[in-house]
Amino acid sequence: MDSNLKAIYESIVEGDNAGVQANVKVALEAGLPAGTILNDGLIAGMSEVGRLFEEGEYFVPEMLISARAMKSAMAILKPLLSAGEVGAAGKVLIGTVKGDLHDIGKNLVGLMLEGAGFQVIDLGSDVSAEKFIEATKEHAPDIVAMSALLTTTMVNMRSAITALQEAGLRGKVKIMIGGAPVTEAFAQQIGADGYAADASRAVATAKALLN
Amino acid sequence: MPKKILVNLQPIGRRVEVDPGTNLLEAAQRAGVEVVASCGGVGICSTCKMRVVEGKVTSPTLTEEEELGQELLAAGFRLACQTEPLENVRVEIPPESLVAGQRVQVEGREGQVSFDPAVAAVDLDLSAPSLEDLRADMTRVNQELARQGYPPLTGSAALLGELSLFLRRSGWKARIAIRPGPASSELVSVLPHGARIAGLAMDIGSTKLAIFLLDLQDGAILYQGGVMNPQISFGEDVVSRIAYANKGDAERKQLQERLVESINQTLAELCQKEGICQDQIVDVVAVGNTAIHHFFTGLPVEPLGEAPYTPVVADALNFPARQIGLQVAAGAYVYLPPNIAGYVGADHVSALVATRSYINNAHTSLLVDIGTNTEISLIHQGRVLSCSCASGPAFEGAHIRDGMRAAPGAIERIHIEDGAVRPVTIQGQPAVGICGSGILNAVAEMLDARVLNDRGVLNGKDARVRQVNAKAEFLLVPAGDTGHGRDIVVTRRDVNELQLAKSAIRGGLEILMKEADIPIEAIDDFIVAGAFGTYLDLNSALRVGMFPRLPVGRFHQVGNAAGVGARQMLLSRAVRQEAERIVGGVEYVELTTYPRFHDVFVEFMYFEP
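Those protein sequence lines, which keep their order, are chains A and B. Residue numbering for the first sequence follows the working numbering, starting at 1 and increasing by one per position. Residue numbering for the second sequence follows the working numbering, starting at 1001 and increasing by one per position.
The calculated label-pair distances, taken between Cβ atoms and stated as ranges, are: (1) T1061/B with A163/A: 44 to 54 Å; (2) P33/A with E1054/B: 51 to 61 Å; (3) G1485/B with G168/A: 52 to 62 Å; (4) S82/A with D1249/B: 52 to 62 Å.
In case anyone wonders, no lab produced these hints; they're calculated from the structure. Note that beta-carbon positions come from the ideal geometry of N, C-alpha and C, so glycine has one too.
Generate coordinates for the entire structure from the input sequences, incorporating the hints supplied.
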């Protein structure tokens, strides 16, 4: 592997925010294409982070820290990437459901998906069913991903799915859900297509849904 | 192999997995919970009774029908030794069935307040009516009140009638408790001449309830004690209880009734012990977080469960205690100080009031009350900035592999020396789990002993670190030395839970400082309130980075400040006004939508090397 790419890969795995920014700049100056830096540096690094998480070596703190490094590197790369290079894996619309302002988990899932090559459109938190519908019409995503952290707001996932159904959009997208109080059983009960217990498994779920 | 059944024991907060065919008494014992079973579990006494709140169990035996009777059985009570769970169950163990009470903190550092209670006692010694003196009974009373400097009496016809009957039976002597106002005195209670009047102050926590009975003539504490909040059976954290209450009016009412029922029961017991009657309890102050405040007063809680998490009532409340079924004097009121926001409630206001002796304009102070939600206030140059951090239930012992609440047998401290681990448990009993202060201390010790690195990863080379199902864990107490015959460990996931909790608290604190635009070192007084805050080891909190490294002398662990504030508000109307004044100027900072919160939160995730 190119030593520049290796440095980027390692700073992502280490969660070194300043390091990854510096290394990306060095790689660009050395003439490496942005697409290569994305795929072989950032995405490869995040996939290693995901693997370490699966193995129990990494936990949420490491994922958050690596994801933050990924995010700041993406900010540098994004303007340089061509349309085809971003989001080759698929397009995901993501948001925390109505009534819920907790977005740390949702942000992490978004970054992990981005780190796995998805194009992620983040609707933020407290997203109403109407907003999900509008954005689905506008962006035509492959997947709509919803998050809730509170026992009191997870019920709003059901209403969002129902609303998508009534708007005639349900057949056009896959829906995946997650968040602390959410379970596989709940996902089945409300008619979601997929459930992920954590940000790493969210990547696997998203990939499986599009296969 | 048949599937294991999960038994959730409340309010002690222990969970245990058992094989089908295990009865509830065996399950409790296996979990290390000591239950009274006078007969040794053969069903001939009823000391091990428990209430099955959720899940299917075997049908009542004939013994149970005999020992408990239909009424108790209908209410869900069962004999633990006769009842086997058929699926995952939740069981409530009543206090009388527990051998040793859980530790409930009630004390707190007292401050000086002006003595100015809302209710006064007036002794009446009147002359009887005669053909020469045809004044009405109440005219007689009012003229005597005027002579003593009080405005005339108002009150319900029933209570005024009771006063008349009492005067006529007792030779025209009585003591009345009145709530004096500018134009009239409201009759609160009719008592024998010279009887003591008392007030009730309560700090209603999500898990524990601290109760104080105070003499309203000299301010002395007559009784203090604690009981568990019975609402735990409907959800361990307030959000689950809100979800339960949202099911319907009946469920919401149930949460209120169970709480009031428990308070009344405690009052009845303590009145008997102190030799007073409920008519002598003439005023009540209650504090709690916003959700508890709403449950207690019967307000709807839907708005608290969904963004933007606004309270139904923020202003102070003062209403007749009988309206919510509190068994105190007929005319007594219950006062609740104002709430700041959906997740910064009247209990935090009460703590602010109680710690105001630390707070003067020359000082910059920080007040932290740690719980599932941690409330923080920064007092700086006349400003008060407050926020609420989602620190999670780790410090309550939840989400921790061997976690439990602070109760006998909980490990509260550990010492690691040359690879040997020495645990210290509450009341010195054999270890059955780790409480919140124990997990904090354990992580700090493990960092110092290099069992943990700065990321929170366990050192695989340490002799006590082992891999179970490819997950690393640190052996704290081996099975042979524990109270339940199973290993007690700290897992990587437990450390992770602590990291999330401590950076939530530290992140909130840092953002308040940023909002006020002052550096951390500017904090003159760092006040740590609440039960967990009292028992936590300060050095551990500094070691893991939950608190900033300020000189140790600036920290004050003040105990149950909310309880102290409730007592002060019971004794002084001026303190109530102070609470209302403080809240009027609070600047509330919502962290979940704060632009840099995520970054600050992540920044404090790791430990210092």
